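Residue numbers (the numbering used here), protein chains in the order written: chain X, 1 to 301; chain U, 1 to 381; chain S, 1 to 325.
No wet-lab data here; the hints were simulated from the structure.
Incorrect hints may appear among the rest.
Reference listing, derived: stretches of chain X covered by chain U, where coverage requires no fewer than 3 residues with Cβ under 8 Å from a Cβ of chain U [claimed, not checked]:
{"id": "1", "segment": "2 to 14"}
{"id": "2", "segment": "39 to 53"}
{"id": "3", "segment": "220 to 234"}
Restraint ranges, calculated between C-beta atoms of paired labels, are given here [said to hold, decoys possible]:
{"id": "4", "chain 1": "U", "residue 1": "Asp-184", "chain 2": "S", "residue 2": "Ile-184", "range": "38 to 48 Å"}
{"id": "5", "chain 1": "X", "residue 1": "Asn-148", "chain 2": "U", "residue 2": "Leu-163", "range": "29 to 39 Å"}
{"id": "6", "chain 1": "X", "residue 1": "Arg-87", "chain 2": "S", "residue 2": "Thr-207", "range": "32 to 42 Å"}
{"id": "7", "chain 1": "S", "residue 1": "Ala-201", "chain 2": "X", "residue 2": "Leu-286", "range": "17 to 27 Å"}
{"id": "8", "chain 1": "X", "residue 1": "Val-5", "chain 2": "U", "residue 2": "Leu-163", "range": "51 to 61 Å"}
{"id": "9", "chain 1": "U", "residue 1": "Val-349", "chain 2": "S", "residue 2": "Val-16", "range": "55 to 65 Å"}
{"id": "10", "chain 1": "U", "residue 1": "Leu-297", "chain 2": "X", "residue 2": "Ala-138", "range": "44 to 54 Å"}
Here the structure is a predicted model, which means the values were calculated and not measured.
Quick reminder that beta carbons are idealized off the backbone N, C-alpha and C, glycines included.
One-letter residues, chain by chain:
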Amino acid sequence: MSEFVQHIINGISLGSVYALIAVGYSMVYGILQLINFAHGDVVMLGAVFAYFSAKQIQTLQPSISTFFLILLISMVLCAVVGFLIERFAYRPIRNSPRMNCLITAIGVSLFIQYFTQLEFAFGAIPQPFPELMVREIAFTIMGAPVSNLQLMVLGLSIFFVLILQWIVYRTKLGKGMRAVSESTEVAAMLGVPVNRVIAFTFIIGSILAAAAGILSSMMYPRVDAMMGSLLGLKAFVAAVLGGIGSLPGAVLGGVLMGLAESLTVGYLSSAFRDAIAFAILIVVLLIRPSGLLGKMRMEKV
Amino acid sequence: MNKLIKISTVLVTSLVLFSCTKKSDSTNTIRIGEFGSMTGTEATFGISTHRGIKMVVDEVNAQGGIGGKTLELITYDNGGKAEDTVSVVTRLVSQDKVHALLGEVASSRSLAGAPIAQRSGVPMITPSSTNPKVTEVGDNIFRVCFTDPFQGTVIAKFALDELEAKTAAVLVDKRSDYSVGLADFFKQAFKAKGGKIVDEQSYVGGDIDFKGQLTNMRGKNPDVIILPGYYTEVGLIVKQARDLGIKAPFLGGDGWDSPKLFEIGGPSLVGSYFSNHYSVEDPDPMVKDFIKRYQALYNNEVPDGLAAMGYDAGLVLVDALKRAQDPTNRKQIRDALAATKNFRGVTGVITIDDRRDASKPAVMLKIAEAGALKFVKRVDP
Amino acid sequence: MSQLRFWSFQAIIIFVLGWLASNGLGDYPQTILALAGINIILAVSLNLVNGFTGQFSMGHAGFMAVGAYVGASWTVYFMPLLGTSWTTDALLSQFSMLSALIMGGIVAGLIGILVGIPSLRLKGDYLAIVTLGFGEIIRIFILNIESIGGARGFTGIPRIANMYWIVGGVILTCIFIFRIIRSIPGKEFMAVRDDETATQAMGLSTTRIKVRSFVIAAFFAGVAGALFAHYYAYLNPSTFTFSYSFQVIAMVVLGGMGSLSGSIAAALLLTVLLEVLREAQTYTYYDFRMVLYALILIIIMLKRPSGLFGRKEVWTWFARKKESA
């Protein structure tokens, strides 16, 4: 029984990371109908920036304040990257056919990955992520230990999502985001500063991505240039599962994906850990493409 | 139309460039081809091995080369991938026309490159691949390290005798021939002496999350956990295991040997053991001298087993080149290699048997505080 | 030109080019040309789906993998059942190669039906992601089958593919696809691409048309895979990732989605470019090949999304020149 509980705990930790990333995908897709393939790589950049900043600050002791400092630095840097990607790669092709946007997004993703792999940037060798926080067991549930790190991951994810909900439903910016996601043209006609809204969406998404990257690297302390692609893909499936365009859906999808993966590895076989993500994707798209919490949309002639 | 012209010119020039860069099979230098993983997940393997080999090449050239010819070392990175190994070895053999090949560390990649060496008649020495299948590819393929049937037995005996373990669980890397082979040999030896394997799980090289497999293992309560994989995952596995409350000691093989192991795994590794080709604490003066020279060249870093094996592989090759009548004749090099007897290397005495393997002792190392590798015992074949 | 003359002409071309390639080039350039040939087959077949039918498939490497592993299993496991000489004897091994290609292609095509029927009901991005998912599932599935090597790779495949086979494969694929485009099914593909709703309104089953193009593409991807297997004599699932699918997509996009000669040119160009840059890499130690690849793609999408030839073929350039002259 304690195995089952352990698997559930593992799944929720994993799922919180997926949730943070999925939210970013969902937001961007909701507004631009664009699958931002590069999002997973911004997650990786979050980890990479944290790695470099930790190395720069010589007198670093693992502690909560260290963690928050590095988190802040990384979030700022990723926000800049997100802004630049939108401004120079996506805005010019905003009105192009969807296939072109998709290809461009993939191109940006690959560019970031391989650029990071260059020796003068991060390099092609995976590096161990520095200890930012002292790890200890917080408590145990039925014999399964829960570490303070896992609590932090879950807590931060919930925190960020709540903040996001507040932004989307209680601020002017959020109103603008909702307007643009309904219809870009109408929003523009009504005076919504579309470019600014879109830029902010990317910035917010990138901030969350940075957090996800650092949290993920704290749980699985290995940083390498390719770590974002699989993470990003699974998080995208989570967003689809929850209903793309829906924020609570992204969170739900993320947690479900984490649980599914953890239980698959625990009870089926670790061989299918990645396959389960794609299997879920296929099933969802074939049976209920709008996802669990999404709206059903009919395509009219 | 312009585009068409531009494209054709590019194509034609590239094809022309290609034919031009083809080297002739000149005999002015003795060309040694090296292929390894300088980048990628097991980068320290390739880099360490390269350093060992380069030390030999530089030393020999400083003394005037062999038979008046300098040694030319041509090194290619395969990025840690087996498919790239195929193209890189093909390049070394057909384009650069090397006289001998040194590589690789990982058995999977040696297995990818060996058929090409065998087909083209170029002798190949693997410094550290321990899977028996590598030399079975053909009579041009040699190794200077021990093989996994031996290593598996060493680990099994250590677990049973020194650690008094009755039960063991194994976590295998399914992507690696080395890991799968070593796991099998360990299991055979462990069971033959009365031990019981209570659980066997697997992962794929490159994974970062092992909590699922470890959780299942925890339930079976093994006395020891065997990790016959590479340092990159071992570090992560051990950390996650301790997080899950697993207290059993870990045992592994020479795939653990890397300065990065402790960086990745940290304090969770203290109290674990692994088998290796050599120990830094070896009092033998030849070893001490090698360590000193390595440190002088490489920033005071202590050489790991891979560097030592690279060095020995280089030494053995040079010895064969000296014994061959014509050091640019590949068949003669091959025959000279096969005749290597009682050659003293940094990792022990090397004699190439008729399966082109070397029968060498292994050492068991214990990971102590701050990652120091302490010598525990030496096992002879 | 009568059919007989046409095909004998093709046979002669294949033999001449094959001979030139085998004897006129060194070993190393040959391997590059071989890879270029395989990529041409992949690009041309993918263009059928992405360019001519307008459906965005991102799982092409999966079908290539199916063809590769099926073809390899055929020669390694099945052919020996007929006698040991089927893979070693010069004449008989030709038959082994041919049958491996056909088997690889057919099974890949069957998988194409399996994947296509559910997927092609989706549109745009969703179709793209689903095909990506299927491609990965196929790869993970292969990764877990021990008897064909699993994660450690499939070794021991007889090297019975040579330049003749590859040249033959390229030429035959191009001819077939070219003819399909000119025929009625080809017109149907383009109709679906240009206006799917109108095609549906005309009473045609667009799903069936899309699946047809998808399956044909899968077949040829399988053939390319079988050639790959028997040329490199080693298979590893990590070759057939989304990254490879994407490289093929890049070739199709660069050449122009809807231009066969564009796909051929782009496949050649990009394959050669990647290897030529490896030379440069030994001097600078920076592996910027893939960075360049990605950059090229982004620039094309931003500046010239129609690719090199857009929807036209190479010979229209000549026709235009004549007109203006």
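Examine the segment 2 to 14 of chain X: at least three residues should have C-beta closer than 8 Å to a C-beta of chain U.
With 6 residues close enough to chain U, the hint holds.
51 to 61 Å as the expected CB spacing between Leu-163(U) and Val-5(X), which holds or is violated
Given a distance of about 30 Å, which is not inside 51 to 61 Å, the answer is violated.
CB of Arg-87(X) to CB of Thr-207(S), is that within 32 to 42 Å?
With Cβ atoms ~40 Å apart, the hint holds.
Look at the Cβ atoms of Leu-297(U) and Ala-138(X) and judge whether their distance stays inside 44 to 54 Å.
47 Å, holds
Measuring from beta carbon to beta carbon, are Asn-148(X) and Leu-163(U) in 29 to 39 Å?
32 Å, holds
Please verify the coverage claim for the segment 39 to 53 of chain X: does it have three or more residues whose C-beta sits within 8 Å of some C-beta in chain U?
violated (count 0)
Falls inside 55 to 65 Å, the C-beta gap from Val-349(U) to Val-16(S)?
58 Å, holds
For the segment 220 to 234 of chain X, does the count of residues with a C-beta closer than 8 Å to a C-beta of chain U reach 3?
As far as the segment 220 to 234 of chain X goes, the hint holds, because 5 residues have Cβ atoms under 8 Å from chain U.
Do Asp-184(U) and Ile-184(S) keep their Cβ atoms within the hinted range of 38 to 48 Å?
58 Å, violated
Is the hinted range of 17 to 27 Å satisfied by the C-beta distance from Ala-201(S) to Leu-286(X)?
The hint (17 to 27 Å, Cβ to Cβ) holds, given that Ala-201(S) and Leu-286(X) are roughly 25 Å apart.
Checked against the numbered hints listed earlier, the structure breaks hints 2, 4, 8; every other hint is satisfied.
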